[in-house]
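For the record, the sequence lines run as chains V and X.
For the record, in the first sequence the residue sitting at position 149 is 149 according to the numbering used here, with numbers rising by one throughout.
For the record, in the second sequence the residue sitting at position 415 is 735 according to the numbering used here, with numbers rising by one throughout.
Quick caveat, the hints were computed from the structure, so don't treat them as lab data.
Backbone N, C-alpha and C define an ideal beta-carbon position, used for all residues, glycine too.
It is possible that some hints are incorrect.
[What the hints assert, rightly or not] Derived CB-CB ranges, DEER-like:
hint, chain 1, residue 1, chain 2, residue 2, range
1, X, His659, V, Ala102, 48 to 58 Å
2, X, Leu573, V, Ile174, 30 to 40 Å
3, V, Ala117, X, Leu573, 52 to 62 Å
4, V, Gln178, X, Pro663, 53 to 63 Å
[Unchecked claim] Result set (EDC-like, lysine to aspartate or glutamate): computed pairs, CA atoms no more than 20 Å apart in a straight line:
hint, chain 1, residue 1, chain 2, residue 2
5, V, Lys148, V, Glu28
6, V, Lys192, V, Glu202
7, V, Lys148, X, Glu333
8, V, Lys148, X, Glu330
9, V, Lys21, V, Glu36
10, V, Lys21, V, Glu171
11, X, Lys490, V, Glu304
12, X, Lys490, X, Glu594
13, X, Lys490, V, Asp300
14, V, Lys110, X, Glu594
15, X, Lys322, X, Glu333
Listed below are the residues making up each chain.
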Amino acid sequence: MKNFQRETSAATRIQLEDALKHLLDCDETGRGATMESLAGALARSRRHAAEVLGHLRGRGLATVTGDTHHLTADGRIYALQVVRTHRLYETWLARETSTPAADWHREAHKAEHHLEAAAVDALADRLNNPRFDPHGDPIPTREGQLPKRLLTSLASWPDEQAARIEHIEDEPEILFQQAEALGLAPGTLLDKSRQLADGAIEAMLEGRRIVIPAAITPLIHVTGPQPDEALPANLGRLSDLPVGGEAVVYALAPACVGPERRRLLDLGVVPGTHIRCEFASPFGTPRSYTIRGALIALRDYQAERILIHPLADPDNPLTA
Amino acid sequence: MKTPEDVLREARELRWQLPQNLHDRIAESIYGEAARIAGRSITRQEGSSRLAWQQKLDHLLTNPWTAFPIMAGVLGVILWLTIVGANLPSAILSKLLVDDGHALLSGWFAAAGSPAWLRGLVVDGMYLSTAWVVSVMLPPMAIFFPCFTLLEDFGFLPRVAFNLDRIFQKVGAHGKQALTMAMGLGCNAAGVVATRIIDSPRERLIAILTNNFSLCNGRWPTQILMASVFIGTLAPNGWGSSIAAFSVLIVALLGFGFAMLTSWLLARTVLRGEATSFSLELPPYRPPDFWKTLYTSLIDRTLIVLWRAVVFALPAGAAIWLSAHVPVGDQSLAAWFVHATDPFAWSMGLTGVILLAYIIAIPANEIVVPTILMLTVLITGATSGHGAGVLFETDNATVRAILTAGGWTTLTAVCLMLFSLCHNPCSTTLYTIYRETRSLKWTAVSALLPLLMGCALCATVAAVWRALTST
Chain V
1 MKNFQRETSA ATRIQLEDAL KHLLDCDETG RGATMESLAG ALARSRRHAA EVLGHLRGRG
61 LATVTGDTHH LTADGRIYAL QVVRTHRLYE TWLARETSTP AADWHREAHK AEHHLEAAAV
121 DALADRLNNP RFDPHGDPIP TREGQLPKRL LTSLASWPDE QAARIEHIED EPEILFQQAE
181 ALGLAPGTLL DKSRQLADGA IEAMLEGRRI VIPAAITPLI HVTGPQPDEA LPANLGRLSD
241 LPVGGEAVVY ALAPACVGPE RRRLLDLGVV PGTHIRCEFA SPFGTPRSYT IRGALIALRD
301 YQAERILIHP LADPDNPLTA
Chain X
321 MKTPEDVLRE ARELRWQLPQ NLHDRIAESI YGEAARIAGR SITRQEGSSR LAWQQKLDHL
381 LTNPWTAFPI MAGVLGVILW LTIVGANLPS AILSKLLVDD GHALLSGWFA AAGSPAWLRG
441 LVVDGMYLST AWVVSVMLPP MAIFFPCFTL LEDFGFLPRV AFNLDRIFQK VGAHGKQALT
501 MAMGLGCNAA GVVATRIIDS PRERLIAILT NNFSLCNGRW PTQILMASVF IGTLAPNGWG
561 SSIAAFSVLI VALLGFGFAM LTSWLLARTV LRGEATSFSL ELPPYRPPDF WKTLYTSLID
621 RTLIVLWRAV VFALPAGAAI WLSAHVPVGD QSLAAWFVHA TDPFAWSMGL TGVILLAYII
681 AIPANEIVVP TILMLTVLIT GATSGHGAGV LFETDNATVR AILTAGGWTT LTAVCLMLFS
741 LCHNPCSTTL YTIYRETRSL KWTAVSALLP LLMGCALCAT VAAVWRALTS T
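Take the sequences, apply the hints, and build the full model.
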C-alpha cells in the first residue's frame with residue numbers, strides 16, 4: 001500500500017489523509033467533492049485545497065471530471081484504511097478505556113494518522129473484528145469492504161413508529177455531547193415519537209419521556225427495530241425505582257459500554273435478575289441494592305442504564 | 321457449485337446484516353443462562369431478606385441526620401485513642417531504646433576502643449535515628465491499625481465509603497478513597513497499600529497519588545509542636561491549647577481540600593481516559609474476630625511499615641551524622657548547605673535548616689523536628705547538652721528559645737506547618753507507591769506534585785504575610 005509516511009512531513013500527511021476521507025465521504029454519499037467542499041472540510045483556504053487535490057492527482061489517488069473529484073481505486077483503498085483506523089480506534093477507546101464519549105472522535109483523529117496497518121489489524125483481532133464503531137458507523141473490513149446502508153434521519157422518521165438508533169454523527173462535537181447526555185446511543189430504541197411544532201421530537205427512550213432538540217435530530221439515523229426486540233410497555237430504569245421497591249432486570253442499556261458494562265455483568269446484573277432498592281446514601285446517590293443476595297452500591301448514572309421490569313408482569317417471560 | 325471463496329464472501333456479506341449490538345446481547349444471554357443454571361441448582365435458605373437489626377443499623381449509619389455525627393465521632397475516638405494511648409508505650413520505648421540503649425551501645429563501643437568517628441556514625445547516627453523512628457512510630461501504628469481493621473471487618477468502613485461517595489464522585493474519585501485517606505492519617509504507606517480495595521484502575525491511581533495529603537502520624541507531632549509553641553502562645557491566656565488544636569485541625573482539613581482538588585485535576589487531565597467502573601459492596605455486619613484481626617493487622621500493616629521505615633532510617637541516620645561532622649573548608653557540610661539555601665528558603669517563609677531537615681529526613685517525617693533542632697543548635701552554636709549531630713527532644717520553652725535564636729518567627733512556624741502537609745511523601749511511602757504502581761513516572765508525580773504545591777503555597781503565604789505586616 002502506498003503511504004505518505006516516509007515521503008512527506010507529518011502535517012502534510014494529515015492534510016492529505018483528511019482530504020482522502022472527505023473524497024471517500026463524497027463518493028459514498030454521491031455528492032461530488034469540489035475544491036470548495038474540501039476547503040470547508042479542512043477548514044483551510046481554497047488555494048490550499050487546490051494544492052492538496054493537485055497532490056492527490058499527482059499520486060494517482062484522485063481524478064477530476066469537470067469540477068468534481070473522485071477517488072481512484074488506489075485512493076479508495078488508502079482512504080478506507082484511514083477510516084478503518086479511525087473507527088477501530090474509537091471502538092477500542094469505548095470498549096477498553098473509560099475515555100468520555102465526547103473525546104472519542106478527537107483522540108481517534110489524532111491516532112488515525114500514526115498507526116501502522118499491521119498495528120491496526122492487530123487491534124482489530126484483539127477487538128474480535130468489530131463491525132461497527134461506537135457511533136454506529138460500519139468499520140471497513142481488512143479486505144476493504146464497506147457496506148452501503150439505507151438509514152433515515154430521525155428528522156424525517158414518521159411519528160408514532162418505533163425506531164432503532166443505528167448511527168449518531170459525532171460532529172459537531174457540541175451537538176454529539178447533547179445527544180449523549182440525553183442517553184442516545186446506537187442500539188437504543190425510540191418509541192411513540194412525535195414531532196413538536198419547533199421540529200424537536202418527543203419520544204419514549206427506555207422508560208423515560210425525552211425531548212430531542214431539533215438541532216440534533218438530523219445527526220441521528222434510525223431504522224425500524226428487529227421483529228424480536230420490541231421493548232415491553234412498562235419498562236423502567238433502576239434509578240427510578242423507589243427505595244424499598246423491587247424489580248426484575250430487563251437488559252443493560254446500549255449506552256452502557258466498556259468496563260462499566262462488564263462490571264455490571266460480573267455483579268450479576270443480567271436479564272432476569274431480581275433487584276431490590278434498600279437505602280440511599282445521605283446525598284441521594286449512590287443507592288444500595290440487593291442483587292443476588294449481596295448488598296451492592298450503585299451510582300445513579302449506573303442505575304440509569306439498567307432497564308427494569310415490574311416484579312409480577314405476565315408479559316415478561318423472565319419473571320414467569 | 322459454490323467454491324469456498326463464494327461461501328466466505330457470502331458469510332462476509334451476511335455478517336453485516338446481524339444487529340449491531342449482537343455481541344452485547346450474546347454476552348448478556350450467556351450471563352443470564354449461567355444465572356438460571358445456578359438458580360436451579362442452588363437452594364437458598366428461606367427468608368433470605370436481610371436481618372431486621374442489620375437494616376436498622378444500616379438506616380442509622382446512612383441516614384442524613386445520624387450518619388455524619390457517628391462517622392466523625394468514631395474517627396475522633398480512634399485518633400484520640402491513638403494519640404493518648406501511644407504516649408505511655410512511646411515513653412517506655414524511648415527510655416529503653418533512646419536513653420538506655422544509646423548509653424549502653426556507646427559504652428560498648430568505648431570499651432571496645434573503637435575510634436570516635438565510628439561510634440558517632442553507628443551509635444549517634446544510625447542507631448539513634450532508628451531507635452527514634454521505632455519508638456515514635458510503633459505504638460501509634462500498633463493502636464491505629466488494629467482499630468481500623470476491626471471497623472473494616474465489622475462492616476462499618478464500607479458504609480463510610482458509601483456515605484461519602486457523592487463527594488468523591490464529584491471530583492472523579494471512588495468513595496473508598498475516604499477509607500484510604502483515613503488510613504493515611506495513620507501512615508501514608510499503609511494508606512497506599514490500602515488502595516488495593518479500589519478495583520477500578522483510575523480511581524486507585526488517584527487515591528495513591530493523593531494519599532500524601534492525609535497528615536500521617538509522623539507529621540502530627542510536627543503540627544502539634546509548631547501550633548503549641550508558636551501559634552498557641554499568640555492566644556490570650558487559657559486559650560493557647562484550644563487555638564493550637566484548632567490550627568492543627570485547620571491544616572488537616574486543608575489536606576482534605578488539597579486531596580479533593582488534586583483528585584479533581586488528575587481525573588480531568590492526565591487520568592481522563594483511564595479505565596473506570598464503580599462498584600462498592602456493603603457486606604453484612606458481623607462481629608470481628610478480635611485476636612485474628614489483631615494478629616493480621618500487626619503482621620500485615622504495622623510490622624511491614626515499620627520494617628521499611630527502619631531500613632530507610634539507618635542510612636538517614638548516617639547521613640544526618642555525616643552532614644554535621646564532615647568538614648568542607650571551615651564549616652560542616654550541613655552549614656554549607658544551610659547558608660547556601662537560606663535565601664531560597666526565606667522566599668517560602670522557611671529556613672535553610674528546614675529544607676536540609678526535609679532532605680535528610682526523607683526516610684521518616686518523625687525525625688524532621690529533632691533534625692531541625694539538632695541542625696539549629698549546630699548552626700547557631702547554642703549548647704544543648706548533647707553532642708552535635710545528635711537527635712534530641714526537649715520541652716516547649718526550650719524549643720522556642722532554640723528556634724527563635726535560629727531566626728524563627730510565627731511565619732516560619734505557619735509555613736512549616738503548611739510545608740509539612742504539602743511536601744514529598746517519605747521514602748517508605750514512595751517505595752510503596754512504586755511497589756503498588758510499578759511505575760517510576762507515577763512515583764515521580766506523587767513526589768513532585770505535592771512538593772511543588774507546597775513550595776507555591778508557602779511562597780504565596782510568605783509574600784502575603786510580609787506584605788501585610790510591612791505596612
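Tell me, which hint numbers fail for this structure?
none
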